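> Sequence:
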Amino acid sequence: MARDDASRAIGKIVSVSADRLVVELHRGSDNFTVIGFDDVHYVATLGSYLMVPTQSEYVVLEVISLREKDFSPAYGNGPEMDKATAAKFLDVVPVGSMPVQGGSFKFGVSTFPPLYADALYARDEDLDRIFNVEQPADRQTKIDAEGAAKEGTVPHTIEIGTSAVFKDYPVKAQLDALFGGHIAVLGNTGSGKSCTVASIFQSVFMKPDDFGALGAAFVIFDVNGEYRQALDKLPWSINSSYLKATDPDAEIEDSTRSISGNEEISRFRLPHWFMTVDEWALLLRASDRSQQPALRTALGLTTLFAEQDDGVVEGNNGIAAIRNHVLAKIVLAILQSDASSASKSDRILSILASFNTQNISIAAIRHQVGVNYGQLADAEGLAEFLSGFVQEEPVLPTYANKPFTFDRLLAALDLALHYEEANGNKQIRDYCSQMVTRLKSVSDSPDFEFLRAAVENLEDHDIEPTHFVDRLLGITRQGENYRKERQLCIIDLNDASDEIVELASAVVARLIFDRMRRATPRNKMPVHLILEEAHRYISERPSRFAIDAGITFQRIAKEGRKYGAFLIVASQRPSELSKTVLSQCNNFIIHRIQNPDDLSQIKQMTPFISETVLRRLPSLPKQHALIFGSAVKIPTTFRVRDADPTPNSDDTQVRDLWYVPEDPRLGWNS
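Its first residue numbered 527, the sequence shown is counted upward by one per residue in the working numbering.
If you're looking for bench data, these hints aren't it; they were derived computationally from the structure. Since the model is a prediction, treat every value here as computed from it, not as a measurement. You may find that some hints are simply not true.
[Claimed, not checked] Straight-line C-alpha distance at most 20 Å; calculated EDC-like pairs for lysine to aspartate or glutamate:
| # | residue 1 | residue 2 |
| --- | --- | --- |
| 1 | Lys595 | Glu550 |
| 2 | Lys759 | Glu1066 |
| 3 | Lys668 | Asp617 |
| 4 | Lys1105 | Asp1123 |
| 5 | Lys1050 | Glu1102 |
| 6 | Lys1010 | Glu1025 |
| 7 | Lys759 | Asp736 |
| 8 | Lys1129 | Glu1066 |
| 9 | Lys928 | Glu1066 |
| 10 | Lys595 | Asp617 |
| 11 | Lys632 | Asp694 |
| 12 | Lys676 | Glu1011 |
| 13 | Lys855 | Glu919 |
| 14 | Lys952 | Glu1025 |
| 15 | Lys693 | Asp652 |
| 16 | Lys870 | Glu910 |
| 17 | Lys1084 | Asp702 |
| 18 | Lys759 | Asp1170 |
| 19 | Lys1050 | Glu1085 |
| 20 | Lys693 | Asp650 |
| 21 | Lys759 | Glu790 |
| 22 | Lys870 | Glu906 |
| 23 | Lys928 | Glu990 |
| 24 | Lys1010 | Glu790 |
| 25 | Lys1010 | Asp736 |
| 26 | Lys668 | Glu1011 |
| 27 | Lys966 | Glu1025 |
| 28 | Lys1148 | Asp1177 |
| 29 | Lys966 | Asp933 |
| 30 | Lys966 | Asp804 |
| 31 | Lys538 | Glu583 |
| 32 | Lys1050 | Asp702 |
The task is simple: from the sequences and hints, build the whole structure.
Rendered as structure tokens:
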């Protein structure tokens, strides 16, 4: 052992087992305090570190408990323990290793220290290597938007807080490892999750370096309406947008308006034709056996009849021929039904008023066969005329997300039910009555106003999904290149119900993911989706709605890294979260958790974390957390960096609010 190591020796290993080691301190170390050449070291703190030198490296040990035993003859008979003669023991567990000279700390050990090996206290320089705070920022030259070369610093790490064990010692996380994967922020309500999330992105944007994080993109699904306040002190170069899904405030108009120098606010509009068939099924709670096929047909019909007819069609080729087939088959089925002539006439008239072609329309049929509507004077002639358009069951076009109105979808759904009846499914209307009622409710409910986007009120860039996502992420096109103009987007869903939160988050996340998958070159602009109260819409168990919206987030969790789409999942109920999403998280920040089911879930997903570390979780103070994963070298308990300003998530000050002078004035403004 080197001379410097010998001067730091505080004891020897006297017991080695599979799960822990025991260090007996040298006599004379009163109160577990060792006076070294550099400082006074109190080695009895739980979570502190010791070093054991081997042939070419140090094995790093974490202190998990401490105890004393009095070996004096009078022990047991005297009034108290003889502190001078009592032996002092530290129970420790090996957590990693690092080279004796230079090199970085590595989590995990392959060889346990032998009996009677010397245990050394850790110096500040050892802690620097363990916590990986040595890496200075790189000085780089980059080209700005105008093509000019500029020099600035690019950090390797960001400071996320201070150590809970080593006073005022900074805890830093590697930027690439932290934001190059998914993050889970877990903890009971009131433990500080929201402040932690705010502190993380504030740390990214508020670094006093030459280069700002202008290429970052955070989209926050703010289900509690608390994050807008946390953006008040962002640097002038960082821009944000604030979108509110439902708001009684009449000042928030459809058009975007500036609130401050770097913030925009507008209503959140999500054109309904952006949704997939599965997302429509979620919205309408469509069952998979009978209702979803009818819904799929109806959405396909909105695409089939979305474009203008291209004239009178001869033969059975093309989209127009399929339109003729659908209408002809439906009208023929009505003609062959048992309804009265007047009823048949009314139904045919209603259908052709909404859906028609150059060949099959009210005017065309009157011209061709002279039908007198209301009497069906020549029903046989009409049937003969329509039979010429019926094909051998052509494949209907699939839903292509073309713009349409809710009224159009209602009519298309009715047309789809007629088409199913014409194909022999006589019970389909009864099976789908609940879905039809649900669609009517959604089309009238003010809660779904954000979905009912009228094409005439939208700008061209909002009609296409790609342009919608680019605007959401603050991307603008300049010639053949793209430019990033905003770094943060808050979608405020505070007033929305669970089903709206589930639907909106799933659709927006899927649109962003699709955009990232199609970007060329891919993975050049990472996007981080911050999911507050994630257990509400990324549940392990299917929701009460027809389709589990968590499927979207599970796919992003499994495939997003390849395309630069990442999740930051915040939840107070990890046991209710999707295990697939949690299993794909690279880094975990765990606040106080007391529920046994949640503790068990964390234990299952982190088998390499010691039982001692997990036992601390129920007693962690507010704003303290345990971080582990690829962004830190070792699981670390730390005090989270103060968020400035904090999100609007303060605890209720009951005492101050209750005990007030007579006839108090409320501080409400709405």
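> Each hint needs a verdict: does it hold in this structure or not?
Each hint, compared with the structure:
1. Lys595 to Glu550: 10 Å, holds
2. Lys759 to Glu1066: 37 Å, violated
3. Lys668 to Asp617: 51 Å, violated
4. Lys1105 to Asp1123: This hinted pair holds, its Cα atoms lying about 13 Å apart.
5. Lys1050 to Glu1102: Violated, at about 33 Å.
6. Lys1010 to Glu1025: 32 Å, violated
7. Lys759 to Asp736: Since the Cα atoms of Lys759 and Asp736 sit roughly 18 Å apart, the hinted pair holds (cutoff 20 Å).
8. Lys1129 to Glu1066: Given that 20 Å is the threshold and the Cα spacing comes to 17 Å, the pair holds.
9. Lys928 to Glu1066: 33 Å, violated
10. Lys595 to Asp617: Holds, at roughly 13 Å.
11. Lys632 to Asp694: This hinted pair is violated, its Cα atoms lying about 23 Å apart.
12. Lys676 to Glu1011: Between Lys676 and Glu1011 the Cα gap is close to 19 Å, so the pair holds against 20 Å.
13. Lys855 to Glu919: 10 Å, holds
14. Lys952 to Glu1025: Status violated; Cα separation ~32 Å.
15. Lys693 to Asp652: 15 Å, holds
16. Lys870 to Glu910: 16 Å, holds
17. Lys1084 to Asp702: Between Lys1084 and Asp702 the Cα gap is close to 18 Å, so the pair holds against 20 Å.
18. Lys759 to Asp1170: 7 Å, holds
19. Lys1050 to Glu1085: 15 Å, holds
20. Lys693 to Asp650: The hint holds at about 11 Å.
21. Lys759 to Glu790: 15 Å, holds
22. Lys870 to Glu906: 14 Å, holds
23. Lys928 to Glu990: 9 Å, holds
24. Lys1010 to Glu790: Between Lys1010 and Glu790 the Cα gap is close to 15 Å, so the pair holds against 20 Å.
25. Lys1010 to Asp736: 18 Å, holds
26. Lys668 to Glu1011: Within the cut-off at roughly 18 Å; holds.
27. Lys966 to Glu1025: 17 Å, holds
28. Lys1148 to Asp1177: Answer holds: Lys1148 to Asp1177 is near 11 Å, not above 20 Å.
29. Lys966 to Asp933: Holds, at about 9 Å.
30. Lys966 to Asp804: It holds: about 18 Å lies between the C-alpha atoms, which stays within 20 Å.
31. Lys538 to Glu583: With Cα atoms ~17 Å apart, Lys538 and Glu583 stay inside 20 Å; holds.
32. Lys1050 to Asp702: 14 Å, holds
Hint check: violations occur at hints 2, 3, 5, 6, 9, 11 and 14; the rest are consistent with the structure.
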